[in-house]
Structures are given as C-alpha cells and as structure tokens.
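Colleague: Line order of the protein sequences matches chains A, B and C. Position 44, counted from 1, in the first sequence is what the numbering used here calls 44; the numbers after and before it change by one each time, with no gaps. Position 245, counted from 1, in the second sequence is what the numbering used here calls 245; the numbers after and before it change by one each time, with no gaps. Position 217, counted from 1, in the third sequence is what the numbering used here calls 217; the numbers after and before it change by one each time, with no gaps.
Some hints here could point you the wrong way.
Claimed, not checked - Coverage of chain B stretches by chain C, computed from C-beta distances (three or more under 8 Å per stretch; other residues unrestricted):
(1) 77 to 88
(2) 147 to 154
(3) 167 to 178
(4) 297 to 307
(5) 396 to 410
For the record, the hints were derived by calculation from the structure and aren't laboratory data. Beta carbons are placed, not taken as given, at the ideal position from N, Cα and C, and that holds for glycine.
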Amino acid sequence: MSQIFHRSANTIARVSIFGAVFFVAGLLGLLAQINRSPWVTQARVAREQPIQFSHERHVAGNGLDCRYCHTSVEDSPFAGIPPTKTCMNCHSQIFSASPYLEPVRLSFRTDRPIAWTRVHDLPDFVYFNHSIHVNKGVGCTTCHGQVDRMPLMWQEQSLQMEWCLDCHRNPERYVRPREAVFRVDYVPPANQAELGRRLVADYHIQKLTSCSTCHR
Amino acid sequence: MAEHFVPVEDPPSAGLGTPPVIAPGYTFGTVTDKISAIVLTRKTPRGWYVGFGIAFLLTMVLLVSVSYLLVEGIGIWGNNQPVGWAFEITNFVWWIGIGHAGTLISAILLLLRQTWRTSINRFAEAMTLFAVACAGLFPALHTGRPWLDYWLLPYPNTMGIWPQFRSPIMWDVFAVSTYATVSFLFWFVGLLPDLATLRDRSQSKVGRFVYGLLAMGWRGSARHWHQYDTAYLLLAGLATPLVVSVHTVVSFDFAVAIVPGWHTTIFPPYFVAGAIYSGFAMVLTLAIPIRAVYGLEDFITTRHLENMAKVMLVTGLIVAYGYTVEAFIAWYSGNAYEGFMIWNRITGPYRSLYWALLFCNVLTPQVLWFRRVRKYAPGLFVVSLIVNVGMWLERFVIVVTSLHRDFLPSSWGMYRPTIWDWGTYVGTIGLFVALLLLFLRFLPMISIFEMRTILPAAKVDEDVREDLRVI
Amino acid sequence: MTPNPEVPNPYVGGDRSREVSDPGSRLPREEWWRTLDELADDPAFRDRLYNEFPSEIEAIADPVARRTFLKLMGASMALAGVTACTRQPAEKIVPYVRQPEEIVPGRPLFYATAMPLGGVVTGLLVESHEGRPTKIEGNPLHPGSLGASDVFAQAAVLGLYDPDRSQTLTNLGDIRPWSAFLGTIRAALSAQQPLKGAGLRLLTESVSSPTLAAQIHEALERFPAAKWHQWDPASHDNARAGAKLAFGEYLDAQYLLDGADIIVALDADFLACGPGALRYARDFSARRRPERADRMNRLYAFESMPTSTGSRADHRLPLAPREIERTAHALAAAIGIRPADSATALGVSPALQKTLTAVAKDLQAHRGASLVIAGDGQPPAVHALAHAMNDALGNVGRTVVYTSTVEAAPVDQAQSLRDLVADMNAGRVDLLLIVGGNPAYTAPADLKIADAMAKVATRVHLSLYDDETSALCHWQIPEAHFLEAWSDGRAYDGTVSIIQPLIAPLYGGKSAHELLAAMSDRPERSGYDIVREHWQRERAGGQTAGTGASRPAPPRPEFDQDWRRWLHDGVVPDTKLAAKTVTVRTDAIARFEPGANRATQSGVEVCFRNDPSTLDGRFANNGWLQELPKPISRLTWDNAVFVSPAMAERLKFDNTPSWQGGEHGQILASVVEIRYRGRTVKGPVFPLPGHPDNCATIHLGYGRTRAGHVGTGAGFNANAIRTSDALWSGAGGEIVTTGDTFSLACTQYHHLMEGRGMVRAVTRDEFEKNPRSIHEGHEEPARTMTLYPEHQYEGYKWGMSIDVNACIGCNACVVGCQAENNIPVIGKDQVLRGREMHWIRVDSYYRGPADQPETYFQPVPCMHCENAPCEPVCPVGATVHSDEGLNDMVYNRCVGTRYCSNNCPYKVRRFNFLLYQDWNTPSLKLMRNPDVSVRSRGVMEKCTYCVQRINAAKIDAEKADRRVADGEIKTACQQACPADAIIFGDLNDPKSRVAQLQAETRNYSLLADLNTRPRTTYLAAVRNVNPELGD
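Only chain A is shown next, with the shape it has when bound in the complex (with noise of 0.2 Å):
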C-alpha cells in the first residue's frame, strides 16, 4: 500500500502540535495589548476641531489659569468648556480679523455655538466628579498631561478603568498639595511617596474602590 504522507508530515505534525499551543498564547498576548493600544484607546492622538486651537499657545503662550475657561472645573462634576463668549473677551481685540477665528465670531455673531471634538470621553455609565478630584489634590496634569505642550489637545491617558483604578487604589503616588494642582508645570518632588502620604492624610483622602463610586 503506497504511502498517503511524506515523512516530513511527522514533523509538521509535531510542530503543529505544540506551535499550536504558543499561537494561541501569543494571540490572546497580542489581544490584551491591542486593546491597551491607542488606537483602542485613542491615548496621544490628537484630535481634529472645527477651530485649531492651541492649549499650548494659550496656556504656556500667554499663560492662561486653567480656570480661565474650565470655570466650573472647581464646583462641579463638569470641568466646563468655555462658551464664546469668552473666547471674545480678548479676541474681539487681538486678532479680532484673524481668519482662523471666523469661526468664533460667527457664532457670536449668530448665537450658534461651536460644536467641539470631544477629547476626553468617558463612557456615559461613568460618573467622573471634576471638583471633588481637584479639592482632593489631583492635578489637572495628573490626568490630561502637560496641555501646554499640545498644540491640538489630545487625551494624555488610556481613561481605561485600570487606570483610574491605579490611582484610586494608592492615592499617594499620585496626589499633590491643592494649591499646585493648576500648575501645568508641577513635578513630584523626590519624595512623593513620604509628601503623598502626608497629603493623604491631611485632606482625608479616602481609597474609594467600591463601584458606586463611580457607576451608578
């Protein structure tokens, strides 16, 4: 009876065998980082707006406060994007002809507002609380990066959940004294570890992980 294989199928069958089981690893492997990647996450990607506006002019520029424009990012769950009014505060004077911000002034014009991209957004089963995060001592940089250096903003952060969880789980590594949290030019000092315990303390920092925390 003739032979229905080549030897090399042994071989291949071998190899078959247990590539099969480092193939499978390898693609689950592969699956967790895709969904860690940017393109899941859209972490550093900065975004496309109806007007090109610039953090990094604004803030390190002409060194705007946060709370310039983000008004109620200290009362309220919603940090706040500015209406244009404010935009006109000053660009009714500079570069009040500027063809880029025609844009702005027809919507002051006509009462139309501008519809922004949004950056930064959760899923809307998730209950993110701006003001208690600031009066707590997280600053603003902790979690958007260091907006003065992008010229279109981007989300600095994953926002996955692991990641919140991070921060919510060890506080301390993370939380710096209140009256530094709008600087966008805050390091942690050396000994963030000993100050963030200390900071822990002082403000009654709770390591809030139950779900109601957020999910509701």
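Chain A is already provided as a structure; the job is to place chains B and C on it using the hints.
Modeller: Only chains B and C this time, still in chain A's reference frame:
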C-alpha cells in the same frame, strides 16, 4: 502495561445463563470487517437519511430560536420575576447529566476492568461529547448579554478587576470546560488505532487521506501501543474524578443558593447519581435501535443491556433515596420555607409534574428487578425513554417549582414556557442526534481493536506481544 | 437556611395555612389569609390554582413588530463588541455661546412652582438640568405640601415630555398659525360685540387662579351677556352644596388634624385625595406614633370603596354610600343634633347603632379635639350634617376652620354644565371656548354633550392633547403644560403661589391666560406680563380695574423684590384665607331625611370614583401612572368593577390567577355587564375584600378613545352610564355575567402572609402592656452564623426605616423613584408576565374576615442586606458590597445571569428582559435624570438608595471637609412620602433619625430569620382600637 487487554473471565456468579460479551465464532478479521464495513463499504441505510433529515431540520429550529434570542433578549422566553431560571437551566443540567454515562463507562469501567464496556464505550463517549456540546449552549445563551460571557473568564482585563470566585457559576465554567476537554481527548485517543485501521482499509483516496490525517501516523508499533496504553490509562484516571466533580459543581449552582428546594446538602451525590442514571438511560435509548439497525446484536449482546439495566436500577434507587431524604429533611428541619416548598411540589400548581417524575424515576425502573425485562430489548428501550423524560422533569421541578414560590407571597408567580423555550430545547435534541448520526456514519461506533482483544484468540496474541516486548 | 422552630408545621401550603395557628404572629393564624376564594377555601379555586401544566404554547404576544431594524443593528453591534476592540464613536461637545450666569454646567438648579389640580395648587420644587426639568419634589415652604408630593405631581414631568401631546394649532385638522386663530376669534368676538356676547360661552375647569379669574371677569364685563360655565370632574360639588346647606354660603372646610384625637370619616378619603390631602396625611401620621401613645389619634372610617384612609382606620366599616348617609344621620342623632327618636326610623342595624353609640361617646369625650369629615361621594346633606356635628362638638376653630372658598367662583358645576348644554341645544351659543378639560369624555352620559356641541357655530378647545373634545371642535389649541407657562393659584388654605415655567413651551403651546388675552384688547400680551401685572395691581391696592383698561402702574422697586421672593419661595406670604366665624343652620339640618334626594333605593348601588392613577382620565396617557399598581388591588393598566367578595360569590364571578404570571401577573377576571338607568357598560369584575355588599364601585378615567398611544383603549368608560343627577353614586343598578373573561395585570394577588410575619401589627393595649410583643416568635440568628467575614463600616453606614404604621399606600414613593431613577414603562403585556420594573413596591396584606379586613401597606425597596445573598452568587461581581453597606448594582458589569434575582429572598431585583427603555423618542431623552445610567436590555437593576444623591451630598461635604449632616440626603421615595413613613440616613451616627428609629422596640427586619441583616427595616403597626368596640 497492557494488562487491561487481558480479558477478564466472567465472574462465576454470572453462571451459565450469562450471555457472553461477544457472540461466539468471530475472528480478528471478521470483527474488523463487520465494524469497519459500516463506515467504509456497507450502504448507508435509508433510516439514517430519514433520521438525519429530521435532526437537521430541528437543528435549524435551534438556529432560528437562538438568532431571535440574540436579537430580542431573554424576554422571548417565559422567564420572569420570580422565576429567573427555567427551561434553559433545566436543559443544561439534563444534558450535562446525560454526558456522564459516557465518561463512567469509558473511564471507571475501564479501571474496574469490565470487559463488557468495550463494545459500548466508543459511542457512549461520543454521546458524552455531543451532550456536553448541547449543554454548553444553554449557560452561554441564557445570560442577558451573551456577547459579554467572556467576562466570566479570569484574565488580566483593562477593567483591573477579577470575576467573583465565590460564585458557583464561575466554578461551572471551569468544571464544564475541563470536562469537555478531557472527554474529547479521551475519545480521540481511543479512536487512534481504529482510525488507522480505517485508513488502511479505506478504498477512496480522500478517505485514506482524512483518516490518515486523524490517525496521526499510527502504525501499531509496540512503541505506539506502549505509549497509547500509558496515555489511555492516564486519561482514564483523569476522567474518573470528573464523573463525580462535574455534576457536583453543577449541583452547587443550586445548593449554594438560599432558595428553599435548592439549599440542600444532599444535592451533590443525588445529582451525580441522577446524572449516571439518565446517562445510562440515554445509552440504552441509543444502543438498542442502533444495534437493531446495524445488526450488531453479536457485539452489543443482551449481556450489555442487562448490565446497563442493573446500573440504572442502582442509580435509580439512589435517586429515589434522594427524593425521600429531601422530603424528610424538609419536615425534620422544621423549617417553614422548606416544608412549604415540598408541600407546594406535592400539591401546588406544578404537582402533576412532580408526580410524573416520581412515576418515571422511581416506579418505572422497579421493573428492572425482573431479569426477563432486563433481557428484553424493546422493554428496556421504553423504560430508558421514560427515565430520560423523568430526569428532565426532575430538573424542571427543582429549578422552577423552587423559584416560583419562595419567601414573600406577594412576589409569587407562575412560569410558562413560550414557543421559543421549546424551540431551543427541541433544537438541541436535533443537534445532538445530527452529530450522533454523523459519527455513526463516518467513525467506527464500536472500538474495533478493543473488540478484538476480548476474542478468545486474543489471549494468544497477548502472549506474542509480551514476547515481543521482552526482545 | 436557619431552621426556625417558631414557624408553623411545614406541611402546610399556601391554601391550607389558615387551618393551623402560628405562634409567630400575635393573632390566630386563620386571620391571615390570601385570596378570597382561598378564604372561602373553595375547592374549585384550588383546582384552578393547581391547574395542569399548560400543554398549549402561547405565541408570544410581545409586539416584536415594533422592534425593528434599529434593534437588529443594536444586537449585531453588541455581538461585534465581543472582541471588546470597538472604539467609542467620536462625540461632539457644545458649549453655550453666552452662558447664563446662574448656570453652572453639570449642577442642577431648583425652581419653585406649583401644580394646579381640581381647583387648588400644590407647591413644588422642580429640578432642572441645563434648562430641562427632570424631577419634581414638593415645596417644603408650601402649606399644602410641606415637601411632600403625590403621584400626579411626580408623574407631571412625563406629562410634560409626552410625545403624544398636541403639538400644532389646528383648524379642522389643518395646521394653522396662532395669528390665523386670532383673526377668527376676533372676528367672532366683534360679531358678538353688538349682542353683548349673548352667543359667547366660556367653559373652564375649577378656577383657583386669581389672575385667570380677573381675566374672565374682565371678559364678562366686555360681554355682559356672555356666560361662564365650570365643569371639573375632579371637583367637589357635594362639598360646596353641603356648605351652602349648612351655612347658606359657599365655604371651604380646612381640617387641622394635628389637633384631632378622634376622627370620623364618612366616605372621605381625606388622606389620599382632595385638597390638602398631602398636608392632612402628614399631620395625621404625625399622631400615629405609639411611642407617644397619649397623642395617638383614633380614626373611624365608614366607607364604600376601600381606600388609603380606610386602611389606616382603627375601625373601618364597609357600607354602601346610601347606608353611610343613614349612618351620618344616626350619628348626628346620637350626638344630639337631630331628634333622637328618629334614629330608629333611619333603619340602621342594631349592631351599627351600637358602634355609632360608642363612636358618639368617643366624640363627646373629646369635644374640641374631635373631627367629622364627609367625603365628596356623599350627598350635600351628609356634608351639612358633618359641619353641624363639628359645630356641636365644639370643633370649629379647633380641628376645623371655615374660610371663603379657594375657588374664584364656586358654582354647582353639574348644574352649570346642564345649563350650557341646554343653551347649546337651544341654539343660543355661537362661540364656545373650552379652556382645558375634556367635557366630551367626562360629561355625564345623560347630557349628550356631543350632540349639543354640534349646534354651536364656532368651537374652540384649548387642551394638552388632541382628545375626544378636540375632535368635536373646530379649533384645537395646544395648551402649555403648567411647567411651560406663567400662572398662579391658591393652595387648599388659600395661600397663593406663582406658577413659573421651567422650560419654554416645547410645542408652542398657549396658556389659558394667553387665550383669554386674545379676548381682551391686548391679545399679544405674554403670560408673564399678565400674571405680573395682575399682582402688581393687587399689591398697589387691589382696585380691580379692567386689566386692559388701566395701564399697569410703574413697577415699584419693593414689588420687584417681593416678586423675586415669591418666585424663590414658591408662596406669596400672608395670602392664607382667614378663618370665618360661622353659624350652622342646625334647625334646618335637623329636618333632613336620609335618601330624600334619591330616586330609588332598590337594586345594586353603583358608585363612581376618580381613579387613583388616572383621576378623571386626564392622566390616561401617562405611562408611569397607568403602570402604577393601584392601592390595595395592585391593579395596573385597567379599571374594574369592584364588588364585595360575598357578591362575587353569589353571582358566581371569579378571578383566577393564570398561567402567565399567576399570583403576580395575569389574573383572568370574568366580564360583567352593568345595567344602570337604561344604560349599560361592560367591564371585568374584581372582588375586593372590605368592599360593601350589594354595591359596585367603578373608576372613571378609562376607556379613552383619543388619549394617545398609552391611554387609548385601556379599560372601560364609566362615564357611559353616569348621570348628572347622581354623579358619585346611585341605586337601581344591575350586574350580570357575560361569560367572557378578561386579563387583568395585577402585581400582587396573594395577600396572605403564610405566617411569615412580613407585617407585624398589634393593638395599642398589647403594645403598652409589652412593647416587645411584636417580636414574639421572630428571632434573629446570631451575627456569627455566616461563612464570610463581617463587613466593617468605618465611614458612613446607610440605612432606612419604613413605618408600616404611617404608610398610607399612596404610591408617591413608587412614582418618585421611577422619575428619579429612569425606570422604564414596560406595558400591560409585560406586567401580565410578571416583569414590572418598579424598584420600590407597596405590598398590601389583609387580616381578618373578608367582608371587613384590616389592610396594611408595606413598601419594599432593596433591603441592602449586610449579608446579601445576591452578592456572592454573581459570577462577574456586578453586584457587590460597598464600604458604606450599600449593595451596589453595576449595570455596565452585569451580564444578566439572573442568579442574584433568584437568590434574593425579597425579590426586589428587576431584570430588563427586553429593551424596555425608549432609546429613540427625543422628548423622553430630555426627561431622563442625567445622574443615573439608562439601563439597556439584559441587565439587572434595583433600588440603589438613590446612590447618585448620596454621592452628590458626600462630595459637597468632602469639599467643605465635614460629614454629611442628618437629613441632608433624602432618597426619592422618602422625599415624596406625605406620611413621613420613610426615613433614610447614617446608622453610624447615633443621633440620626434613622438610627433612633431603628433603635425603637417597634423596629423589625423583613425575613429576619434568614440572617440577611437588612439595612432597610420596618416599624410595626399599632392600632389604636376603641376598647368598647374591641378588636
């Protein structure tokens, strides 16, 4: 190593009356011919086509039901408050239970050196696989959002959290998946030598190629046999605890809950016994017609039927004991909820089902005390069918009647299956039968080489091989 | 499970347990029973209950047709989501152009306004998110609310956003602009000018708005011959007429329940409906605390349809309305207002007479601290008698005060409507303006108003919906919802509230003020100007010069301040009506004869009542109210013919728990035909324990033909047999079975406790002898009886206490919760299947004989157990224990195994079996509470203790570096509750109200023997029975 090939003499107790496990007059060649012919040469009986046609249609029903379920949601079923689980879990437990006979026959009877297992273990194992496949569908589909079922698996996810390891459903995931894997390996390894035989005897090129591929280069060398035996024994050892563990874990789904009628320590043994009970019933339900259709009375002799009947009788009695203890404890515990639960089963809206199950599972099997019945194939067939129904009813009664009237009377309600509940259930039966028929058609339903070993002639063969080993 | 030796013989089923006695409950077990048939121990019933397993398969009635492409897409999207590699679609974020300074994005604002209903307003506080009113609460500063609210107020937001509302001004179905209407109306009016408006008729509901009244008077000045008619089915003709009988003038009675020790209710459901009900409920329940037994009041209720008030009564006698009339006379006689000799002539049974003597004695013993209240269902004579009795008992000025009416122009409305119909039939009407209301549906059948209207040349209807009346009118003007328009109104005690809008009219609706302005010479004035100018003038000195004539005086600065404060507070100070000194015409009253006004006394007496959910039908299209289980009967989506169990027995009616849902879900009711005064109507029968015999109660407000998608076709129309001479009840009815059956969606049909002591009740004596008596037979297992380590609660420890003794079963909590937590409406079919979604339900239980049971209400939210059975069984950890003892339900983590629900002994978990939420209708998206996730299909949900409110309060406290103060967090149910029966707070703070309540001896846990350690506990009921009458 090859001990288990040594045919065990029939126990004296069996006496003269006991029919042999294989009819006299067969040689290695004839056995091989007879079995492999079913797959290779013999013309497929018309019955097969008819059966497969029906099974296929039912499978399509399953397909429709499941698609609609995914589009609409659990609401298409009759489940409600307070009856959160109903048909789906009933069917799940039923199918898993059926699976058990296969593993028991192939693993435990193997270790117990029961030669009579050889002619039935193959399709019993196949049955196990297909039953588990059907069973698996239900827990996977009964969740509100099936597309998220993978959250039950513990893996390092982006949410930074783990599943609830205290939940019996978690344990199920492990138990059932392990069970499926081991059963498959066991079955497949057992197939190897026969696949090789088929490869060698197949006339068609395709046949040779496919069977060859599956045979994984089996040449029947001493080394092959040696490793085969090792592997087979190891798997048998591995599978044995599963027979007990799987249904024990399944029973925890109920025993761990506080629902009166679920919260019972007797559940694990009682579920395992029930599983084997229903499993053997199913083996009989399948074996008897197959044996008739393919004329395998010589291989699956009345001896087999009788032994299986005996197992059913024993497990049936254990199950009956389970029912009794359940009722007794309900009264003895003095717990009002438990007491009401039993009372509600006996006299409540679903009482007819409870009485039916007692008839099917307790009364009916008593006929098996009579040898004449045990030897009478048609009779056994009917009994096994009744027991299958009975075991399904048992699960329904446990799942539904416990839930529909639990603690607060203000929330008491009724469950009524919808057409989609039935569709899914009947559909899985279709799937099961379809797979089984395909198996019968394309794989040797009886282990050829193991049958050869129980021929009287095998003894000689054994010696020869022993000698070979020595060299 | 912990064996509990105290509970009865296990071999006792639901239908048998009445035969053994339970050491657990204070009373012989036979007193706790279940359904009527069960009480009757009717074998037929048992057969039905123990039906065979249904062989036939019912095709799913669920309207699959509706769920189309979108859902397929949804499902496939979801399936695609299996990889979890799907990205969120990019969202836009849209800031203001010019941000209003009072708005802080992300923080809600609260505005005070008021809801007009039945001629009075109730003060409200409305939560607004960036300009969207989302939640209504009572206004604590308002005398008629004190912070509480009723189901109608709670459901008003859904009414506002109802997509079925009339959205365009139409003339004979064609869309027209407002200007076109103005043209027509002014033409019609100028045609009336020479006739002095002889052909002009104005039909309104009861008017309590001073501004509107002024406008109408002004209009009548311009058209002296025109007539103003009022018809308000939810109004109180009998009360008005009664006052007139007693005092010779229209007066309002206001009750001061906090001063009343003994209260007698003559068919009066004063706790749950009518003006001031919220206030009365608060004052009443404040005096039901056994801890202050000396202050505990006693309530005698003589009533026909079992009501909330009757259920709270210490002694309740079911009597047909005509018997109650006799009773009133007999009681009056016993008190000595009418000649005692006639008492026998009244034909009151000796037993009743004995009771009445005791009641009279009790009343006499509490002169000046007693109170007799007559209900709207009773004829004027009974009201007059009640006034006379209060007068005789020296209660006037103490427990009841009389003031001039809250209504601007009280009239006999039935008569008023009759006159209008007569005029129309006589062709004397050319222009008919119907301002609000739906007379074509609500008018009594004998008036045949539709035919009459056909004879009117121009018919205009201002209404929220394009309803039955609109169909008969040339012009249909979309009315502005009260949350959309400026107006004003008076509370039950006369206090004025300015009604300010929360949102601009969604559909360009017009308010009554704007419509009437169209009749003045300044048609385009805004509602705001009209109301403001009116009050400006009032303050200026109240000379009622025509609004149009005198230009408004220049706004004075102090008025501006006042106005702002009125709007801020929601009340205008010092506008409460002053108490009047009255003289009762005792002699006249003494001569009344019972039944004088009744045509016949024979046959079945048919009683008409406003529906507890849809009232007179005006709320028929409100899904929240339609799906709201009515008090006691727990019936949803339908009205029914309520009869006494005995009567049902006699006439072989029955209700059968069916195979779909059963005791909780579908009830098969036999359909009966009511023959009454030459008219007939068919409806499903519902035997209700405690309903008087030979008497049937049917609720109005159903059988609407043009209500909208929700309300059209629900129930049957009781107005079809209602006559204007006997609006609330009339004898001479006949009830016959038709042999048909009808499915009723009933969320509870099992009112027996099975000896499981859900509601614990004792009498005041028992309680005073041994306060711990309520715990006898109910033992809690030791804390250690669990495998898992005990939780520690360092920070807060939230808990809730529910007072069974105070709960009046008004359902405000249920709707309040539904509004706060975005709970979907699922429709009758799903309720039939027993899948209702309410997070808090009000179970009701009976005790005692079927003809005269005591009724108890038990609100059941999530218990937030410390040893929660649901927590360990969830495979994905979607329901977990929080640091503060909340039982968190994480919708987004839930995969929907339903294991938690199976394992919940309280069955408070609710599963989204299908896609119940409406994800498409735009207006409903505006309505939702942005602080609560909108649940999708396939996830479990349940009461969260309003965790969104807890977190909001905690965050504010944290920012101020303090602890959350007691009472700072109110759950939605607690805030709505008029009876103050629900208290929420921090158990770690020993001074908190909830901690103190849970420390009381009356405190007990539901199913305590399961060792679930609920955080929600109950206070047992204590009934203050009259020793003379016994229990």
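Colleague: Evaluate each hint against the coordinates.
Modeller: Outcome of the hint check:
For the stretch 77 to 88 of chain B, the stated coverage by chain C is satisfied: 7 residues place a CB nearer than 8 Å to a CB of that chain, which reaches the threshold of 3. Requiring three or more residues with a Cβ within less than 8 Å of a Cβ of chain C, the coverage given for the stretch 147 to 154 of chain B holds, as 6 such residues are present. Evaluation of the coverage hint for the stretch 167 to 178 of chain B: fulfilled, as 5 residues show C-beta separations to chain C shorter than 8 Å, against a requirement of three. Given as covered by chain C, the stretch 297 to 307 of chain B fails the check, having 0 residues with a CB less than 8 Å from a CB of that chain where 3 are the minimum.
Counting residues of the stretch 396 to 410 of chain B whose beta carbon lies closer than 8 Å to any beta carbon of chain C gives 8, which meets the minimum of three for the stated coverage.
Violated hint for the displayed structure: number 4, the only one.
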